[in-house]
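Line by line, the protein sequences give chains Z and Y.
Using the working numbering, the letters of the first sequence correspond one by one to residues 82 to 496.
Using the working numbering, the letters of the second sequence correspond one by one to residues 82 to 496.
None of these hints come from the bench; they were simulated from the model.
Some hints could be false.
Note: identical chains are not told apart, hence a pair may lie in one copy or across any two.
[To be verified] Below, simulated EDC-like cross-link-like pairs (lysine to aspartate or glutamate); rule was C-alpha separation at most 16 Å, straight line:
hint, residue 1, residue 2
1, Lys-239, Glu-404
2, Lys-446, Glu-411
3, Lys-239, Asp-475
4, Lys-464, Glu-411
5, Lys-239, Glu-249
6, Lys-239, Asp-471
7, Lys-446, Glu-349
8, Lys-464, Glu-444
2 protein chains.
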Amino acid sequence: MQRAWIISIGTELALGQSLDTNSGWLAEQLAGLGIRAQRHVTVADDLPAIVDALRAAAAGADVVLVSGGLGPTDDDLTRTAMAQAAGVALDLHEPSVAHLRAYFASRGRDLPASNLVQARLPRGARVLENTCGTAPGMCMVVGDTPMYVMPGVPFEMKVMFAEAVAPELAATAGGAVLRSRRLHSFGLGESDLGERIADLMVRGRNPEVGTSAALGVITIRINAQADDPATADAMLDETEAAVRQRLGTVVFGADGCTLAAAVGRELEQRGQTLATAESCTGGLIGELLTAVPGSSAYYVGGAVAYSNELKERLLDVPAALIEEHGAVSEPVAVAMARGACANFDSAYAISVTGVAGPGGGSEEKPVGLVCIGLATPHEVTAKAYRFGSDSPRDVIRHRAAHLGLNSLRRAVLAT
Amino acid sequence: MQRAWIISIGTELALGQSLDTNSGWLAEQLAGLGIRAQRHVTVADDLPAIVDALRAAAAGADVVLVSGGLGPTDDDLTRTAMAQAAGVALDLHEPSVAHLRAYFASRGRDLPASNLVQARLPRGARVLENTCGTAPGMCMVVGDTPMYVMPGVPFEMKVMFAEAVAPELAATAGGAVLRSRRLHSFGLGESDLGERIADLMVRGRNPEVGTSAALGVITIRINAQADDPATADAMLDETEAAVRQRLGTVVFGADGCTLAAAVGRELEQRGQTLATAESCTGGLIGELLTAVPGSSAYYVGGAVAYSNELKERLLDVPAALIEEHGAVSEPVAVAMARGACANFDSAYAISVTGVAGPGGGSEEKPVGLVCIGLATPHEVTAKAYRFGSDSPRDVIRHRAAHLGLNSLRRAVLAT
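When you get a sec, could you build the whole thing from the sequences and use the hints?
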């Protein structure tokens, strides 16, 4: 199995001011191609340090992936470092100049002089076209080791990797593969879940099984090593089936599937529609729902009823109800969900009202109290949840959004 | 100024199955102590690879921080690797055996035989006590370079760093400090912006100035090195003033400030209110606004008008207008913003309607076309923007949300 090193370039990464998410993503992609990421190196925008890291990688790896430092400013040094590491000159690459000119022209602008530096290329390098931005990537050999250089902007890097790098790597990677699958669950704590699949999580098992938790979603990772993709996939299928058999509908989807996508799929299959009525989540549930392409098939929209006035005006929540119970209460959550269904003409509605903090809490209604309402064709209910009052605002909001989506999912599955 | 390397050990990190957050956190802590993190290395649970990484770090750095690989299982190799890198034997460390025994006894359990390996220590190493878990850390010199080895579990690592490592590093760092500030801007491309501050971005300048881009926001990072914090802060102030003088209101905030927070501050100062009318962003603008604590002072809420029916019902967009121009059009964006102001009783409103893709595009209305409406107390306007039609849905939505918030910010600033 080929061994890869992954190099990320950027002072903001080295100083810890930005989190490097590119390296992990690339490592996962490599695994899918049967290449094992053995080392990641993050290095500041410092020419000798970058050259040193590139040379070490050339000596230690079979293939090297580099991201970052391809921008137009003076702290973008990757082109120069690649040339120095390989001991070659930098030339102006005319087709890249033309590409840059076309990129800016399509946005109605002239090519800024400073962007010209992005068309400079170490002699012997081959351009990898950037279909999403200005920085072309490159492929060149340093020592005996092929290196693929991509932009640091994650989405440009991902597109370039998929279009230009992965096909080449797939053609050269031989034999053994590491294939992975993730199953996502909601509604069971990590240790309870772990007990149900303890025998599958034993160390040394192939496929190996591990869990991780984020914002209430527990993800089960399955990694299978085999001599060929078909065998690895069959092993993944078998372990996935075992996990699903133990966990049932707690598992809501695999790999890229989100809770919003899972609930959307169920609604779409049933030809049902959904509206939202959000207070403390402020539009987050709508955002999660509409992040799924095609969500207009079942999601009609909703109200961000942040003020009490809008709760009354858009959702017909009686002012007296807010007066009596407070805006954060189960009766108000019920009224919001009922109002959303009625006014927005949907079969289902989710409502959320809560105290996301850090201010605004009281003894009776502390930070972390969230009431989630659910309207179905049969009934309207609400339930109060308590998150830790020292939880960050962002965590309370995301967990509330996930709880709302999962309550809906369970209600739709029960029909 | 001392240069540090940070090494993270773990196959799950190298394979990209877990995100390494330790390295960035340690880099930030080091900066506060006047030590510059120059390189991060992540390496799998592979003995020769770990030894190689440790030796390279001993040769390249003034001080090395290592985390991970101190657990009780067969794939925890850091103790052995440290001994090999330093060319010394591993001994059983009796006080650590006693500590482990006490740790398990306090939980009503006997010391498992497998945990005994955690009490083995390279000869010449000094133990760093783990007050939160079973894995003791260590400090030892490899070559001439001091190395601090900590557990990989983030919260155990953080406590050990704060209690046992930071005080020692502070005593040897010799006073010099690295202080940082970030300024965030919107509305000027990275290269145009770079040209305006090119002299400040010259390599070798102190403070050093660099830029990075994410979803339309260009961040200017300023890092100052000085003998003491007061001097570094004064240098940051001076460079910040120079950057702001060149860029004017393109700069919207510093450090943790978001576009939504910046516009909220301006609204709050003026006692003005805001409503939103979102179609393709589906609640994202509301979510960004309400992520800011205290946003209820100026944000009343709004409509997620994802379907045409809700555009008509909640925002009084005439059906004939949608019929004539299509839902994604400047006239509809104008009507949405006007309807939001009128129906939600706010001084300002932002509206967004667009084709976020990947489906739903046409020749006339391609994926990436977004119309942003803005209602102020004086006028209602809209403008069409074109993002690349192969941009991911998520990128189009975030850039559209940022554009809307920035248009509003500029309108409010102009009052």
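Each hint, compared with the structure:
1. Lys-239 with Glu-404: neither (51 Å within a copy, 38 Å between copies)
2. Lys-446 with Glu-411: within (12 Å within a copy, 43 Å between copies)
3. Lys-239 with Asp-475: Cα proximity of Lys-239 and Asp-475: across copies only (14 Å, versus 27 Å in one copy).
4. Lys-464 with Glu-411: within (6 Å within a copy, 42 Å between copies)
5. Lys-239 with Glu-249: Close inside one copy (15 Å), not across copies (41 Å); limit 16 Å.
6. Lys-239 with Asp-471: between (36 Å within a copy, 12 Å between copies)
7. Lys-446 with Glu-349: Classified as neither; 37 Å inside a copy, 26 Å across copies.
8. Lys-464 with Glu-444: For Lys-464 and Glu-444, neither the intra-copy (19 Å) nor the inter-copy (47 Å) Cα distance is at most 16 Å.
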